[in-house]
Amino acid sequence: MTRIALTSGDSVGTADAPAAPDPSTAEVRAWARAHDIEVSNGGRLRPEIWQAWREAHRR
30 MTRIALTSGD
40 SVGTADAPAA
50 PDPSTAEVRA
60 WARAHDIEVS
70 NGGRLRPEIW
80 QAWREAHRR
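Adding 29 to a residue's 1-based position in the sequence shown gives its number in the working numbering.
Everything labelled a hint here was simulated from the structure, so no lab data went into it. Small disclaimer: the values here were computed from a predicted structure and weren't measured. We treat Cβ as the ideally placed atom computed from N, Cα and C, and that holds for glycine. Warning: the hint list may mix true and false statements.
To be verified - The following label-pair restraints were derived from C-beta to C-beta distances:
1) Asp45 - Ala85: 36 to 42 Å
2) Asn70 - Asp45: 38 to 44 Å
3) Ala46 - Asn70: 34 to 40 Å
4) Arg87 - Thr54: 18 to 24 Å
5) Glu67 - Pro47: 17 to 23 Å
6) Ala46 - Trp79: 19 to 25 Å
7) Glu67 - Arg87: 33 to 39 Å
8) Asn70 - Ala49: 34 to 40 Å
9) Arg73 - Ala49: 19 to 25 Å
10) Trp79 - Pro47: 26 to 32 Å
11) Arg87 - Asp65: 16 to 22 Å
Take the sequences, apply the hints, and build the full model.
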């Protein structure tokens, strides 16, 4: 096993971590209903629903 030493210029952290995946439509639908946003029981979600979810979960 080879060990690699970090130099003073190297950093370890979350900057290079992959982004969290988008939620499923079922998860967004449940979130919308919990926030009194009307959504259909199936099919595609309207773009404004996705936008509202993204704005609410901005980090």
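Comparing the hints with the structure gives:
Against the hinted window of 36 to 42 Å, the Cβ-Cβ separation of Asp45 and Ala85 comes to about 26 Å, which falls outside the hint. Between Asn70 and Asp45 the C-beta distance comes to about 40 Å, which sits within the given range of 38 to 44 Å. Take Ala46 and Asn70: their Cβ atoms lie about 35 Å apart, and the range 34 to 40 Å holds. Separation of Arg87 from Thr54 is about 20 Å and conforms to the stated range, judged on CB atoms against 18 to 24 Å.
Checked against the given bound of 17 to 23 Å, the beta carbons of Glu67 and Pro47, roughly 33 Å apart, lie outside it. For Ala46 paired with Trp79, a C-beta distance near 23 Å keeps the hint of 19 to 25 Å intact. Evaluation of the 33 to 39 Å hint for Glu67 and Arg87 yields a failure: the beta carbon distance comes to about 23 Å. The hint said 34 to 40 Å for the Cβ distance between Asn70 and Ala49, and at roughly 26 Å that hint is violated.
Separated by about 21 Å at the C-beta atoms, Arg73 and Ala49 satisfy the suggested range of 19 to 25 Å. For the hinted restraint 26 to 32 Å between Trp79 and Pro47, the CB-CB distance of approximately 20 Å leaves it violated. About 20 Å separates the C-beta atoms of Arg87 and Asp65, a value consistent with the hinted range of 16 to 22 Å.
In terms of the numbered hints stated before, the structure departs from hints 1, 5, 7, 8 and 10, listed from lowest to highest.
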